[in-house]
Amino acid sequence: MLKLKRISKQFNSLVVLKDVSLSLQKGEAIGLCGPNGSGKSTLLKIISGFEKPTCGKVFLNDRDITKFAVEKRVELGLSFAFQIPRPFAKLSVYENVLSGCLLRYEKEEAMLKAEELLKTFHLESLADRKAENLSQGELKLLELCRSLSTEPDYVLLDEPYAALDKENTRKVRRMLRKMKRMEVGMLITAHRTKILEGFADEVFWIELGRISRVDKGEKL
Amino acid sequence: MREMEEVKEIKVVSSYREYVKRERKFIFIEFSILTFLFIIIPSISGFYLLWLVTLGIIYSIYTLAWNCMETMLGRTSLGHAIPFGLAGYLSAIVFLYTQNSIFLPVAWIFAGIASALLLFMLSLSKDRIAFVFITFLIGAAIWILSPLLTLTKEGSIYGGEEGFSLPPVQVSTVYGIAALMLLASFLFFGIFRTSLTGLKFKTVRDDEKAAKIVGVKVSRVKAFCSLISAVIAALAGGLYSLHFSHVSPEVFSVHIALFPFIATVFFRNSEIGGIAGSFILVFASNYLNSIFPQLYLLLYAALLILSPLMRRGGLIRLLIRQRSLKREERVKTKEG
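Protein chains in written order, with my numbering: chain A, 1 to 220; chain B, 1 to 336.
All clues stand as given, with none of them false.
Under 10 Å between C-beta atoms, here's a sample of chain A residues computed to sit facing chain B:
1) Glu71
2) Lys90
3) Asn96
4) Ser99
5) Gly100
6) Lys107
7) Ala131
8) Thr150
List time: in silico DSS-like cross-link candidates among lysine-lysine, alpha-carbon distance up to 30 Å:
9) Lys130/A with Lys332/B
10) Lys25/B with Lys107/A
11) Lys119/A with Lys217/B
12) Lys119/A with Lys107/A
13) Lys217/B with Lys57/A
14) Lys180/A with Lys11/B
15) Lys5/A with Lys72/A
16) Lys21/B with Lys119/A
17) Lys194/A with Lys171/A
These are computed hints drawn from the structure, not numbers from a lab.
Think of the CB as a built atom: it goes at the ideal place given N, C-alpha and C, for glycine as much as any other residue.
Input sequences plus hints: build the corresponding full structure.
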């Protein structure tokens with residue numbers, strides 16, 4: 001279980017997050033909704049290790065990981081998909097995914113796993129293409145696919161629908177459903193709840209750094 | 001972890017394997033050509049040409065070492081004159097006190113490790129542009145301060161502007177050692193670049209933050225890369241001072257610092273490109289110097305000014321690209 005205990009974050013005098021607590025089970029999808037600047041992305045950065053909380057603790061399977069580096073958290077089963085995709089631009093799509101598979105598997109097995117992942121998410125036709133030559137929608141799909149390459153138990157998705165057209169939004173949605181079927185726990189930030197309909201089990205509303213409301217999935 | 005869809009045909013993996021195989025085939029062909037050339041050159045060239053080729057080989061090793069930081073870590077270092085020059089200086093000082101050349105390689109490796117530590121610490125900063133300038137400034141500061149280094153032995157003063165002497169070694173001996181070292185470095189970097197470990201390094205080059213997300217230990221990669229790069233640059237520097245039997249503050253100079261940056265302007269992102277670029281620069285500088293002393297600096301300046309244009313794919317690719325653009329334009333005008 002991924003558990004946040006009274007996380008607060010302050011940049012100088014600006015309070016970005018205040019006493020945020022939540023927990024995420026494997027196979028569960030939780031939405032984090034709120035306006036711009038409400039602290040959603042900061043919370044994901046704290047969980048992934050890119051930011052340190054001012055106070056509070058992050059637990060992964062009852063282990064305190066608050067002081068762990070990003071790589072260590074990834075090793076323990078946490079993954080992150082950036083809001084603005086950050087591919088390895090000079091590498092091919094296949095190599096982008098393969099680089100993550102190398103964390104858990106030896107050479108041959110990793111190569112097969114990377115191919116499996118590409119096929120699962122229908123990206124095999126792009127395999128040889130350099131990431132720098134992909135469209136915004138394709139980059140987003142690659143970002144999600146790569147976030148699964150380390151075989152995580154929990155994935156943090158920062159605005160997976162941001163800057164996507166209808167067609168790609170549908171593709172990402174399909175991808176997220178597949179991830180849920182794969183029993184991956186997901187924490188997804190979004191501006192609106194509409195896009196979380198159908199697969200989010202709970203939606204936490206964040207306003208001014210605090211959780212203001214929690215909606216159950218059926219309510220969406 | 002989880003149930004994946006059943007996949008029967010394995011196409012992507014085999015095409016990737018083919019790609020790696022093709023790349024390695026090229027590396028072995030290039031390696032064989034280089035070996036052949038290095039075997040026949042001593043028998044067909046006179047003393048001066050052999051001396052010049054040896055210099056080209058030494059600079060090529062230096063360029064390959066620099067290229068490792070550039071292509072694996074995405075860090076453009078203008079401070080590789082530090083391991084290069086330090087190795088020369090340290091070995092000369094060790095020789096001054098011991099009068100025994102057996103300690104020279106130890107001094108080179110020590111200089112490499114010390115410089116690697118500096119490069120590693122600087123590479124920890126996320127700011128890649130700052131890395132370029134700081135490495136350059138430290139290198140330049142050492143260049144300015146190195147004439148102040150003087151040592152006294154048995155009443156005589158050594159060092160200063162004059163530098164230090166090293167034991168005279170036959171050109172053919174330096175040639176042999178340098179050629180072997182270049183071939184070994186060429187093969188090592190070529191195979192490493194196309195390996196899966198090399199792939200992990202390239203993730204750091206492209207995006208350090210994203211590399212962490214796929215579990216790559218970025219600091220470890222930086223440490224390894226700095227060590228390999230600095231030690232090989234130091235070995236090249238040691239051979240350089242042995243080649244001249246002398247070392248002076250000039251080994252830390254700006255033109256040494258800029259050399260690999262300019263040498264890789266011609267053909268980018270390949271080991272053979274770095275070697276070809278180094279030889280072009282050494283022979284062109286030699287020719288220009290014969291016309292007028294220090295004229296080669298004009299060539300350096302011109303290439304440096306043009307480098308932003310050329311660096312994306314190298315000068316050769318730039319020319320090919322421009323040619324194809326012109327051809328396309330001609331076709332369009334005809335069609336119009």
